[in-house]
Amino acid sequence: MATTKLDPQAALAELQESKPQRVTLVVLSGDMDRVMAAFIIATGAASMGMQVTMFFTFWGLNAIRREGAKGTAKDWLRRMFGHLNKGGADSLPLSRFHFWGLGTRMMKLVMKQNRMPGIAELRAMALDLGVRFIACTTTLGLMGITKDTLIDEIDQFAGVSTYLAEAKDAQVNLFI
Amino acid sequence: MAIPSDVKLDTLGLFCPMPIIKTSKKIKELAVGQVLEVVSDDEGIKKDMPAWCETTGHEYVGLEEQSNGGSIHYKTYVRKTK
Numbered sequence: 000m001a002t003t004k005l006d007p008q009a010a011l012a013e014l015q016e017s018k019p020q021r022v023t024l025v026v027l028s029g030d031m032d033r034v035m036a037a038f039i040i041a042t043g044a045a046s047m048g049m050q051v052t053m054f055f056t057f058w059g060l061n062a063i064r065r066e067g068a069k070g071t072a073k074d075w076l077r078r079m080f081g082h083l084n085k086g087g088a089d090s091l092p093l094s095r096f097h098f099w100g101l102g103t104r105m106m107k108l109v110m111k112q113n114r115m116p117g118i119a120e121l122r123a124m125a126l127d128l129g130v131r132f133i134a135c136t137t138t139l140g141l142m143g144i145t146k147d148t149l150i151d152e153i154d155q156f157a158g159v160s161t162y163l164a165e166a167k168d169a170q171v172n173l174f175i
Numbered sequence: 000m001a002i003p004s005d006v007k008l009d010t011l012g013l014f015c016p017m018p019i020i021k022t023s024k025k026i027k028e029l030a031v032g033q034v035l036e037v038v039s040d041d042e043g044i045k046k047d048m049p050a051w052c053e054t055t056g057h058e059y060v061g062l063e064e065q066s067n068g069g070s071i072h073y074k075t076y077v078r079k080t081k
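These protein sequence lines are chains E and P, in that order. The first sequence: position 110 = 109 (numbering that gives the first Met the number 0), numbered continuously. The second sequence: position 49 = 48 (numbering that gives the first Met the number 0), numbered continuously.
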């Protein structure tokens, strides 16, 4: 079971104290290319000494699900939805040219041949650089995704107010 | 001609954002005043390294381009300031 590692109040107070340049990204999309762009911006910003927060909601939650983890939602509708909506860093489709998986597989091959990091590597790098992950609790429930199927490194489970409290003091806010 | 450097970082074959990520990690190993040389074959580094320096406050020393067979190696130099 993933647990909240940071107290939201303390995290916010600490940020207001240290006043680094800040970036927030809302990741709504679960498309491989869009999520990749999000992680590239996040890791780039973190490398420039900025404090980065990524807020995952709707399909974006698929990017922080463990590969192959099955949802344990209580009602069958959401359980079925969680089952149909495949998650995990390696299961994200391209926004275009997915072609039932073939296009995405080809893209991944090209990336591998060119030594480009994939979603899992980029995500690990982001965490390594101190990027904070927030998972939206409302859409988790809506989409039949349970906390225990997410990766362990989620800083906070929260909603729109937490996002806005961070975004209002950030210099760069992106919606992907 | 050649800009003197204290530490070299090879990022050949790596794409954005890897050279910048590796630079931000490597610079921590240097002493203040030392110069880091980053070698890349990604043309974007020509703009990215000055931008990284501007944001992080380190000093951008310069760029050297070296044609190496079919590809160009971009050597950027950064002096650690803090």
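I should point out that these hints are in silico values taken from the structure, not numbers from a laboratory. Accuracy of the hints is not assured; some may be wrong.
[Claimed, not checked] Derived BS3-like pairs (lysine-lysine); straight-line CA-CA distance at most 25 Å:
{"#": "1", "chain 1": "P", "residue 1": "LYS74", "chain 2": "E", "residue 2": "LYS107"}
{"#": "2", "chain 1": "P", "residue 1": "LYS74", "chain 2": "P", "residue 2": "LYS21"}
{"#": "3", "chain 1": "E", "residue 1": "LYS111", "chain 2": "P", "residue 2": "LYS81"}
{"#": "4", "chain 1": "E", "residue 1": "LYS111", "chain 2": "P", "residue 2": "LYS24"}
[As the list claims (entries may be wrong)] Label pairs and their calculated CB-CB ranges:
{"#": "5", "chain 1": "P", "residue 1": "ILE71", "chain 2": "E", "residue 2": "MET110", "range": "30 to 36 Å"}
{"#": "6", "chain 1": "P", "residue 1": "GLU64", "chain 2": "E", "residue 2": "PHE174", "range": "33 to 39 Å"}
{"#": "7", "chain 1": "P", "residue 1": "GLU42", "chain 2": "E", "residue 2": "MET105", "range": "21 to 27 Å"}
{"#": "8", "chain 1": "P", "residue 1": "GLU42", "chain 2": "E", "residue 2": "MET110", "range": "43 to 49 Å"}
{"#": "9", "chain 1": "P", "residue 1": "GLY61", "chain 2": "E", "residue 2": "VAL109", "range": "29 to 35 Å"}
Glycine included, every Cβ here is placed at the ideal spot set by N, Cα and C.
To see whether the hints hold, each was checked on the structure:
1. P:LYS74 - E:LYS107: Given pair LYS74 of chain P, LYS107 of chain E is violated - Cα atoms ~29 Å apart, limit 25 Å.
2. P:LYS74 - P:LYS21: holds, 14 Å
3. E:LYS111 - P:LYS81: violated, 36 Å
4. E:LYS111 - P:LYS24: Measuring from Cα to Cα gives roughly 23 Å; hence the hint holds.
5. P:ILE71 - E:MET110: 30 to 36 Å: violated, 22 Å
6. P:GLU64 - E:PHE174: 33 to 39 Å: holds, 37 Å
7. P:GLU42 - E:MET105: 21 to 27 Å: holds, 25 Å
8. P:GLU42 - E:MET110: 43 to 49 Å: With a Cβ separation near 19 Å, GLU42 of chain P and MET110 of chain E fall outside 43 to 49 Å, so the hint is violated.
9. P:GLY61 - E:VAL109: 29 to 35 Å: holds, 34 Å
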